[in-house]
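> These are the residues of each chain, in order.
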Amino acid sequence: MSLKLENVSYVYNPDSLYETTALSDISFEISQGETVGIIGHTGSGKSTLLQLLNGLLRPDGGSLVVAGTPITKSSKNLAELRKKVGLVFQYPEYQLFEESVEKDIAFGPKNQGLSEEEIAIRVSEAMALVGLDHSYRDKSPMELSGGEKRRAAIAGVLAMKPEILMLDEPTAGLDPQGREKLLNQLMGLKGKLTLIFISHSMEEVAKIADRILVLSKGTLVLDKPVEEIFEEEELLREVGLDIPVVAKLFARLREQGCDYKRNYYTLEEGLKVLLEGEDA
Amino acid sequence: MLKDMTLGQYYPVDSRIHNLDPRTKFLISFAYILGIFLLKTPLQYGVLFLGLLAVVRLSKVPFSFILRGVKPILFILVFAFVMNLFLTPGEILWSFWKLKITKEGIKLALLMVARLFLLIMGSSLLTLTTSPIKLTYGMESIFSPLKRFGFPVHEMSMMMGIALRFIPTLTAETDKIMKAQMARGADFETGNIFKRARALVPILVPLFLSSIQRASELADAMEARCYHGGEGRTRLHELIYKKNDYLAGIIFIVFFGIILWLPKII
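Listed in order, the protein sequences are those of chains Z and L. Letter by letter, the first sequence follows residues 6 to 285 of the working numbering. Letter by letter, the second sequence follows residues 1281 to 1546 of the working numbering.
Bear in mind the hints are in silico, worked out from the structure with no lab data behind them. Everything numeric in this text was worked out from a predicted model, so none of it was measured. Ideal Cβ placement from N, Cα and C applies to all residues, glycine included. Treat the hints loosely; a few may be bogus.
[Stated by the list, open to error] From the derived model, a few chain Z residues whose C-beta atoms are all more than 12 Å from chain L:
no.: 1; residue: Pro-75
no.: 2; residue: Arg-87
no.: 3; residue: Val-93
no.: 4; residue: Glu-104
no.: 5; residue: Lys-115
no.: 6; residue: Gln-117
no.: 7; residue: Ser-150
no.: 8; residue: Glu-185
no.: 9; residue: Met-192
[To be verified] The calculated lysine-lysine pairs, modelled on DSSO-like cross-linking and capped at a C-alpha distance of 30 Å, are:
no.: 10; chain 1: Z; residue 1: Lys-108; chain 2: L; residue 2: Lys-1456
no.: 11; chain 1: L; residue 1: Lys-1475; chain 2: Z; residue 2: Lys-166
no.: 12; chain 1: L; residue 1: Lys-1459; chain 2: Z; residue 2: Lys-222
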């Protein structure tokens, strides 16, 4: 088991005018190698949840175990945990600071205390994983385009070889092409590590994740495999979310009396079924 | 970890203190800061502290919130206390090796701490109860006579207002960048001073870059709304002194007058 939460809660600015409960009574488990999408409206507690899983925030209640390490209000020295759990923040390109892409990606591995040779290998591997070729090594991060910066920042986390990789809205603010590329690279990571990512877009989640957690106002309202989740159209609508267009289309077709063997929710699958009659 | 900074953070509630004219609050705070340096006896500090507590009560800002603003300067408080305690010459009460504690030292150290404490508490009350925009208008209005001598009053107050406005934004940003680097294994808490200073580079570089970018975006946004400085600019909300402002001024003067007279009466 990769991580386990039991009745976890978190409160921002306790005992003040700004006190807000970000998460209450969250329980779920994620096993090794799973790919999980977390989706929810703005302010539903998604980002807070990821920061808890990395030990950057400590839970105010409940129990939380990540990669074998319990995280409590008083736990110290979580550096070991952070070696195993990589977290890519929203707009991670703002964390780039070194003079070259290579050095920036090496920041994490260096902090882990690895040897020079090992660091060089890690940097090359991470760059290959996000699709940055060798010509980028010596470039300044500031010269890169938005999408390239984002990928360089993700490589910086991948170079630490985490067991669990968490991404907070990895595609936010990217143009359609950069988005597509990044999503494909994430697809490539599936199964190699435990992948947890936040997204606003149902299409994105449907494409990548095996399982979806839906948060609303700090509580977990749905936790289902992707094949089943879009059957809950009404509930999803209630919490301010929509279902992918393709899932909607098939729901309407079904209402009209078409019979399909299972649910379809990605464009590729939908096209296959409709154009080639492949329903299996 | 940066949540503790209250200086320059507005606490938005509706209270009589919040509703005072910013100029009133500014002038009173200024007089208060100067006044603190005139106080000599512990009794005076005690009475002033009680008065300040009454104002805090009126302002509806929780006392614990104001105390949090004092926390960052705790080191300075301790430093001032220790320095005054050991380095004041006078009647020796206790000595060990080269360290001497004198009667005068104890008194001075305590007064110094009380002075700094009241100073920070009073001035954070100003920024806690006055929004940055109001504070800027107030400053501009107070210093506007200087315009005649070619002093760029409007520009200065605009700069101040922007600086104040961006303190919470930059604090949040710093917190975020710190977390992002911590997630990459950065360590800000251990090591000697040089190691710690070097550990700040991964925070400062991104912070400066985004600040510069933010500044340039802000300049564009202001220009797009035809901002061209203070010349001929009119305001939606003009500043007018009301009954409560005069009342506040009178109460302050009477109260401080009494405090200054205290040593002579008793």
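> Each hint: holds or not?
For each hint, the structure was consulted:
1. Pro-75: holds, 19 Å
2. Arg-87: Violated, since 6 Å does not exceed 12 Å.
3. Val-93: violated, 8 Å
4. Glu-104: violated, 9 Å
5. Lys-115: Given a closest Cβ separation of 8 Å, the condition is violated.
6. Gln-117: For Gln-117 of chain Z, whose nearest Cβ neighbour in chain L is about 6 Å away, the distance does not exceed 12 Å, so it is violated.
7. Ser-150: Its Cβ never comes within 12 Å of chain L, the nearest being 15 Å, so this holds.
8. Glu-185: The claim stands: Glu-185 of chain Z keeps its Cβ more than 12 Å from every Cβ of chain L (closest is about 25 Å).
9. Met-192: Nearest chain L Cβ is 23 Å from Met-192 of chain Z, so the label holds.
10. Z:Lys-108 to L:Lys-1456: Holds, at about 21 Å.
11. L:Lys-1475 to Z:Lys-166: With a Cα-Cα distance of about 25 Å, the restraint between Lys-1475 of chain L and Lys-166 of chain Z holds, given a limit of 30 Å.
12. L:Lys-1459 to Z:Lys-222: holds, 24 Å
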